[in-house]
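Asker: Sequence:
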Amino acid sequence: SPAPYPQARKSPGLGSRRATSRLSDNSSSDFTSDTESTASTLSELSEVSKIPKPVGEPGRPGRGGYTLETALGWNNNVYSKFKKSVHGLIDEHLDVTKCASVQKSALLKLVKDKVTDQFPDLDNYTDCWPVNDLIMMRLKYTSSRARRQEVEMAAGKSKKSKVGFQYSCIPSCITHFISFPTEMMT
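Everything in the sequence shown is counted per the working numbering, starting at 28 for the first residue and increasing by one.
Because the hints were derived from the structure by calculation, they are not lab data. Where a beta carbon is used, it is the ideal one built from N, C-alpha and C, also for glycine. Heads up, some of the hints might be wrong.
[What the hints assert, rightly or not] List of simulated lysine-lysine pairs, BS3-like, C-alpha gap at most 25 angstroms:
id, residue 1, residue 2
1, 184, 167
2, 167, 139
3, 136, 111
4, 111, 80
5, 167, 108
6, 80, 167
7, 131, 110
8, 125, 111
9, 167, 110
10, 141, 125
11, 108, 139
12, 108, 77
13, 110, 139
14, 108, 80
15, 77, 136
16, 167, 141
17, 111, 141
18, 80, 110
19, 141, 77
20, 131, 167
21, 139, 77
22, 131, 141
23, 125, 77
24, 167, 125
25, 184, 136
26, 80, 141
27, 141, 110
28, 80, 136
29, 80, 139
30, 111, 131
31, 111, 167
32, 136, 110
33, 184, 125
34, 139, 125
35, 80, 131
36, 125, 136
[Unchecked claim] Simulated restraints on C-beta separations:
id, residue 1, residue 2, range
37, 181, 102, 43 to 49 angstroms
38, 184, 153, 42 to 48 angstroms
39, 92, 125, 20 to 26 angstroms
Using the sequences and the accompanying hints, generate a full structural model.
Answerer: Below you can see the structure in the form of structure tokens.
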């Protein structure tokens, strides 16, 4: 059966010190308050020992920020798998036309939990900042791309064709003399 008090964890840099709980023979309320106090102390100690988020905004190294890949220092293969997994979960569970701040918190938590299940080492980072950063950067990109496409559609610009140019940029006097195959016009 589980112990009636939280198990102490060793934190890097704390040596062999352990958090202990006073057990009272006559009062269960003393035990509860001591256990809660010990649990919060252990939580604070484990948060202190986690890898802190770098200063600045992710993806903006020239403006006081950092690149996520460099900050993590993972090998390229692991980072690529992490990034691909997060992008897939974002596409599956979140509205990619909206930025992170307007997403439902339950869905953000779902994505975060699924990623940490796949990559348990992420628990070593304060508030799981690598996942939060990647979600924020991806949604910033996809939402801006969606806005840009919306503006282009509203302005009547056509999509790029398979040959790499837009039909709307060709003057109409020229298009009368050029015959395009019908499949390219659609």
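Asker: Does each hint hold? Answer for all of them.
Answerer: How the hints compare with the structure:
no. : hint                          : result
1   : 184 x 167                     : holds (23 angstroms)
2   : 167 x 139                     : holds (17 angstroms)
3   : 136 x 111                     : holds (18 angstroms)
4   : 111 x 80                      : holds (21 angstroms)
5   : 167 x 108                     : holds (20 angstroms)
6   : 80 x 167                      : holds (19 angstroms)
7   : 131 x 110                     : holds (21 angstroms)
8   : 125 x 111                     : holds (19 angstroms)
9   : 167 x 110                     : holds (15 angstroms)
10  : 141 x 125                     : holds (21 angstroms)
11  : 108 x 139                     : holds (15 angstroms)
12  : 108 x 77                      : holds (22 angstroms)
13  : 110 x 139                     : holds (13 angstroms)
14  : 108 x 80                      : holds (21 angstroms)
15  : 77 x 136                      : holds (20 angstroms)
16  : 167 x 141                     : holds (21 angstroms)
17  : 111 x 141                     : holds (13 angstroms)
18  : 80 x 110                      : holds (18 angstroms)
19  : 141 x 77                      : holds (20 angstroms)
20  : 131 x 167                     : holds (15 angstroms)
21  : 139 x 77                      : holds (17 angstroms)
22  : 131 x 141                     : holds (16 angstroms)
23  : 125 x 77                      : violated (31 angstroms)
24  : 167 x 125                     : holds (8 angstroms)
25  : 184 x 136                     : violated (38 angstroms)
26  : 80 x 141                      : holds (21 angstroms)
27  : 141 x 110                     : holds (13 angstroms)
28  : 80 x 136                      : holds (19 angstroms)
29  : 80 x 139                      : holds (16 angstroms)
30  : 111 x 131                     : holds (22 angstroms)
31  : 111 x 167                     : holds (16 angstroms)
32  : 136 x 110                     : holds (17 angstroms)
33  : 184 x 125                     : holds (23 angstroms)
34  : 139 x 125                     : holds (17 angstroms)
35  : 80 x 131                      : holds (23 angstroms)
36  : 125 x 136                     : holds (16 angstroms)
37  : 181 x 102: 43 to 49 angstroms : holds (44 angstroms)
38  : 184 x 153: 42 to 48 angstroms : holds (44 angstroms)
39  : 92 x 125: 20 to 26 angstroms  : holds (22 angstroms)
Going through the hint list in order, the structure does not satisfy hints 23, 25.
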